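Place chains L and Y on chain F using the hints.
Chains as they are written, first to last, in this note's numbering: chain F, 1 to 254; chain L, 1 to 451; chain Y, 1 to 756.
None of these hints come from the bench; they were simulated from the model.
Note that the structure is a prediction, hence the values are computed from the model and not measured.
Please note that the accuracy of each hint is not assured.
Beta-carbon label-pair distances, calculated as ranges [unchecked claim]:
hint : chain 1 : residue 1 : chain 2 : residue 2 : range
1    : F       : Ile7      : Y       : Gly21     : 54 to 62 Å
2    : Y       : Leu639    : L       : Asn323    : 28 to 36 Å
3    : L       : Phe48     : F       : Asp152    : 25 to 33 Å
For lysine to aspartate or glutamate, the following EDC-like pairs were computed, each having C-alpha atoms within a straight-line distance of at most 16 Å [to be verified]:
hint : chain 1 : residue 1 : chain 2 : residue 2
4    : F       : Lys248    : F       : Asp236
5    : Y       : Lys551    : Y       : Glu526
6    : F       : Lys185    : F       : Glu196
7    : F       : Lys185    : F       : Asp24
8    : Y       : Lys630    : F       : Glu78
9    : Y       : Lys505    : Y       : Glu169
10   : F       : Lys248    : Y       : Asp732
11   : Y       : Lys517    : Y       : Glu537
12   : Y       : Lys725    : F       : Glu76
13   : L       : Lys421    : L       : Asp275
14   : Y       : Lys627    : F       : Glu78
15   : Y       : Lys627    : F       : Asp81
16   : F       : Lys233    : Y       : Asp732
17   : F       : Lys219    : F       : Glu196
18   : L       : Lys421    : L       : Glu23
Short, incomplete list of chain Y residues facing chain F, as computed with Cβ under 8 Å [what the hints assert, rightly or not]:
hint : residue
19   : Arg76
20   : Lys78
21   : Lys79
22   : Leu234
23   : Thr594
24   : Leu609
25   : Val617
26   : Pro657
27   : Ser723
28   : Gly738
Beta carbons: idealized from backbone N, C-alpha and C, even for Gly.
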Amino acid sequence: MSFLDRITEGWRKNRKPGYYEEFDYHWAMTIDLDQCSGCGACVTACQAENNLPIVGEDAFTKGREIKWLRLEHYWEGEYPDVKLNVIPMMCQHCDSAPCETVCPVSATYHNQDGLNTQIYNRCIGTRSCAVYCPYEVRYFNYNDHAWESPLDQQLNPDVSVREKGVMEKCTFCIQRIRQAKDNAKDDGRRRVRDGEVQPACVQTCPTKAMVFGDRNDPKSQVSQSLNDPRAYKVLDELNTHSSVVYLKKVEAEG
Amino acid sequence: MDGELNQLKYTDIHNDVVRSIVETGPNYYIALITAFAFTLICFFFPWFYQLYYGIGAAGMNHPGVWGTYLASFIFWIGLSHSGTLLSCVLHITNSSWRKAMYRSAEAMTLFSLVVAAIMVMVHVGRPWFIHWAAPYPNQMEMWPNFRSPLLFDVMAITTYLTGSTIFIYMGSIPDFAAVRDRTQGWRNTMYSLMSLGWRGTDTEWHRLHWAYTFLAVLIIPLAVSVHSIVSWDFAMSIVPALHQTIFAPYFVVGAIYSGTAGIVTVMFVLRKFMDFGQYITELHFDNLGKLLLVLSLLWTYINIVEVFTGFYSGASGEIEALNYRLFGFYAPLYWEMIAFCAIAPLLCAFKSFRTSFVPMLVLSIAINIGMYTERFLIVATSLSRQYLPDAWGLYVPSAVEISILLGTFALFTTLFLLFVKVFPSVSMYEVKETMESPKKSTPAASEGSPA
Amino acid sequence: MPNIDRRDFIKLVGAGGVGVGAGVVLRESIKHPREHLIPHVLAPEDYSSGVATWYNSVCSMCSAGCGISVRTREGRAKKIEGNPSHAVNQGGLCAVGQAGLQVLYNPDRVTGPLLQAAGRGSNDFTQITWDDGLTRVASRLDVLRAAGRGNRVAVLTRGTSGHLAELLEAFGQGLGTDRLLHYDYDHPHALHVANQRFFGEQQLPYYDLANTRHLLSFGADYLAGWLSPVHHSLGFAQSRHGGDHRGHFVQIEPRMSPSGAAADEWIPARPGTEGILALGLAHHIVASGHYEGDDVDAWQEVLSAYTLARVAQETDVSESTLRQLAESFANTRPSLAIGGDGAANNSNGVDTLVAINALNYLAGNVGEMGGVIFNPDPGGATSHSRQANYQTLAQLAESARSGEIDVLILNDANPVFTMPVASGFKAALEQIPFIVSLSSFIDETSALADVVLPSHTYLESWGDAFPEQGVGFSIGAVSQPVVAPLYDTKATGDIVLDLARRVGKPMPWNSTEECIKDGWNKIYQESDSNTKTESFESFWTALLKAGVWGKKNHRMTETSRPNANTIASIGVDAPTFSGDAEVYPFVLQPYLSTMHDGRAANLPWIQELPDAMTSVVYGSWVEMNPKTAKDLGLTEGDLVDVESPEGAVRAPILVYPAIRPDVIAMPIGQGHTNYGRYASNRGTNPLEILSPVVDENSGNVASNATRVKIVATGKHVEIVKTSGKSRDLGRDIVQTTGGDDHTAQTNSIPITVIPT
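Extracted from the complex, chain F is given alone in its bound form (with noise of 0.2 Å):
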């Protein structure tokens, strides 16, 4: 190849959103708002799965809670015609992540399952990422955080936990998911079946609103949900390529 090809060859691989030619696995999950009862399940699971802290009433007052997901409450209409729509939001993945290009140590990559990573040993705490991110679902440790004992019994030794001056964020239960790549290895090799990972959100749900899964397999439960007429994406028109897709509360009549 001439130099010229080398070089135009690079740019066309690299300017692909998530800048992989495949993904490998392409994890997604769609969460259907029409489901979805607003009960916090996920959230205590999350917090329980990823040793989230325990803040304390003075950071909320601060507005320093770490909720990797939160759940957000939109109140639409004035009494008696008033309707709460909730949606649950976490780190979207998005292919064209925002906050991957600004980390000025690449402390937050694509990886080449097609999540959004953090790697908390690598950020040195400049806080772009959490600007750029139109989601807001980046979270910072202002400072470092203590168990009262015995609840660090509790703690999940595949999670790290995170020091003070590091982001942190929704990862998709990467640990999850990486103990189930582990066990297909193991059993020889074969690829991770729909349905055998599910992050700590989707696994408690009770109303079974999350699903979880690979959306390079067309027969995942996911692939299905993707299809679903009802789909879109919060902040679509920023072209962020989200993961996380919602499908749509129906508003019925009557």
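Just chains L and Y, lined up with the frame of chain F:
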């Protein structure tokens, strides 16, 4: 001005400037110790506390992850444009009135950049790893992310710092030689080293002039690019109120504006406390005032453009952000900024105002307060109001942050005070260029040395 | 470097080596045990480092009895998941269930037997030995039993089912006391009575949400707290998008609950008039000819007074809405009506629920899929027969006051927190000479105990559960320890067995485990010979590995016909409230929040979980309609006193768009004075100021029948919530679509995926 200076002889300038270096009264020591003490108390101790506790010592929260530290960083980079403007731009346009001031202005640039660099370390969550932002070969085989505007920052500011250091040093070589020739002992050794063996030959002068002009021409686009790049920390995002194309010119104009105001402040101080009243005169303040007026009008225009485009876009996010800036929680700060930066400087239209020293000082401080407010508002209001209303929040600076902000001024002052005792703070040889050369007829008049 | 000779060099190296060695030893010695890479020299037998072990068990955070699978690593419980095989929750689990880990690892657990020698309420507990504690209790019990005065012993325990309940029964019998009470604040007394009256059924029926196409919920917060929330959530999901027809959900309540938010229609009827509304719908169903049973005349007569016009006036719901509700309820097949929570907690609560049963009957929902299905016998003992309602507790208090009770044994029940202050319950308990608590935490009631003999938490105990809400067939599960006990505690059953032995009435088991196993052996013996395994051991292993047991004893199509008397008894009076409407203009609706009845308030995860409707954390609040707030000149955060005829509690105002202007709502669960560092001295308890209005039919307190007034204090606090602005300003973040855009789950396999 020329008239006044023409009364002076070369020897007077030498004496005045060397005296400012060599003779140190108790007032200076008091000033230095006070400044240093404030730096320790207001800057370093709170920062050490923050290193221990975490960024939580500041007032930042979710979503207000950026706060006064970043605003201070941008402010100090803005102030650093003072030297560039005065030194380089006015040098190329051959204005003679810059000659008395430009050395101190360049020093301002240097120290502003140093303070800004330290602010980055204060701002970052894990500053002990800040070196990862530098591209050095390492065992991890990790390079920083070159696509990141923050890394452009690192590159630009390092370049600017390096460039400014070389520039001020190079320009001071003849003056070091002058001091060398008039001092003894350790000072003589030090200045001998620092003047790099300057003999004052024609060749040397020629080369110096050429190199100086060359650098001056280079530093101008560098300065413009530095603050544009800093603006791109914001403008390259996709969130409302930050992703505006006007940011690069906005920041550059704002930088030059606050830098010029900064020069006015420093010149006043030098006049007063270093007894340079003969070198820094009404003419300088007059011209600086005109400059401030022009920049103020430019700045006002850009603000109007920003408001208009936000409103014209019709986008809910933009309009909300605009509304919030003008009428929300921080509205008093917004209107204070308008008052100090858009309205007050209009006084500079009057020559009587421009040539009065104390009113100009007050105005320059007001402008800088307004400009700091501008940077703060950009950070605070945009983060408070983004796309998802549920995630809106409020950020209020904490005591640690305000203390560190005040501490930066103390740090700057300390560095500047040290500067005036090492560098000749008025450029002797350039000032002499504006004076009549001594008559070569009488032997008694040959006191003027080539330097 | 100056010249150095060999001796000095060796000395230096030696000194350096010693220094390094000392440093290493020092560092190792100050390491926390868990910092050692390989913490054991001899590996323990029950786990492998680095490999997770999963145990099935049963969640005990509420009475739903969801099956759980607990992930443990190195002998520590790490994560609780729903057991996919358990029919109640099918792999899902609610937030409080997830937080069960914090019950086990709570820093405020009682770690060993305690004696409150310095007097009740002193909070000054000293540690004693088990022998000492058990002797103190057993000696008193023995004296009473021997003298035939066993009835002077009272046992008050949280709702317990299964073989532990049987154990407690046997214990009571052995002592000779009949004062054995179970107590859960939210036990559906009224629902039981209503089902008994209308259907003649002892068990609660099964409400088949999964297959219904139209749900009419009268106040029942089925997604968040009523009966079996996880199971109902599954049913809700199935009804919405599990089939080819999207289920329609209607919620009738004065204050929008999470179920109301998920519903398609929220109808704010006047509080306490839900039953009248139900009868209005029933009236329309009969009058318009939808019901064609042969007792239609009797129905017409009893419902004649409930014309739509009159009902509309009493409920503040328009006639057209009522008509349309009735039409769609009757025409959509299958449909289902349920009632509970606020609707049941009024002076006319039982009548209301009977009316709802009637509505189901008239629409033809009974014994139909997607409707009301009768439950068979649960398969094990349930708690209902011993569940104390307000009157029972009031009687207990009266007995205590009259000096008829000498010993009270508490087990994880907290009526001092949930009973209104006006009942004088706490003062009455204080009259009892000796109180022993078997709870794991010192809550308000256990704070009155003289001796505390702490139980294991549910994750450390053997037990079993037969949820009485049922799933349409008998279901049960065994709860097994997932970790070794953390502290010097004993299983509740073991304490009871020990006491029984010490009073000379030993029971046939040596431990709780034996008792449970023995109970299941009986179930095993009786099981269907087709499915019976070869030995009890294999049955037991399979049972624990599956985490669930069931019997195929559906009563799917069974129905029941009310007789003439029953029909004639149908009618709902207007609700009565305490206090003069002039002085106390608002009706207080205390509702069960994420903390249930307050039991989850000591779990930091739950304190930090933003409330489902308001996103508030760590506090209490008073919900008020925006117009009401404006009329009173109050804004969000203004501290007010909510004053009932009995007393006042103080909390900040929260402007709540979905509540009737004449109603005030407050969450139950905060306001603890004891119960650990996360729960104590935080928020306020609205149950304190309830008036003791009792629904005569159920004997339970009508907790939604208290009137209150709002008194501004002039103070202001910042309500701590995570939501910024709860309006989306037209940004379409939650997008909705009309019905036609919706297709339910299809079975087709798409070829393309959404391009990213």
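| said: Just to be careful, I want the Cα atoms of Lys725(Y) and Glu76(F) compared with a cutoff of 16 Å; is the pair within it? | reply: 12 Å, holds
| said: Leu234(Y) was flagged as interface toward chain F. Is the shortest Cβ-Cβ separation under 8 Å? | reply: 6 Å, holds
| message | So if I understand the rule, the pair passes when the alpha-carbon distance is 16 Å or less; does Lys551(Y) with Glu526(Y) pass? | response | 11 Å, holds
| query | Ile7(F) and Gly21(Y), beta-carbon distance inside 54 to 62 Å? | reply | 58 Å, holds
| request: Please work out if Lys185(F) and Glu196(F) have their alpha carbons no farther apart than 16 Å. | output: 13 Å, holds
| field | Restraint outcome when Leu609(Y) is required to lie within 8 Å of chain F by C-beta distance | value | Given a least distance of 5 Å, the restraint on Leu609(Y) holds.
| query | Taking only the CA atoms, is the gap from Lys219(F) to Glu196(F) under or equal to 16 Å? | reply | 14 Å, holds
| message | Just to be careful, I want the Cα atoms of Lys421(L) and Asp275(L) compared with a cutoff of 16 Å; is the pair within it? | response | Cα-Cα ~14 Å, so holds.
| message | Quick check on Pro657(Y) please, does its C-beta sit within 8 Å of some C-beta on chain F? | response | 5 Å, holds
| query | How about Arg76(Y): closest beta carbon in chain F under 8 Å, or not? | reply | This hint holds: Arg76(Y) lies near chain F, its Cβ roughly 5 Å from the closest one there, short of 8 Å.
| task | With a cut-off of 8 Å on the beta carbons, see whether Ser723(Y) makes it to chain F. | result | 5 Å, holds
| query | Is the Cα-Cα distance between Lys233(F) and Asp732(Y) 16 Å or less? | reply | Within the cut-off at roughly 11 Å; holds.
Checked against the numbered hints listed earlier, the structure breaks none of them; every hint is satisfied.
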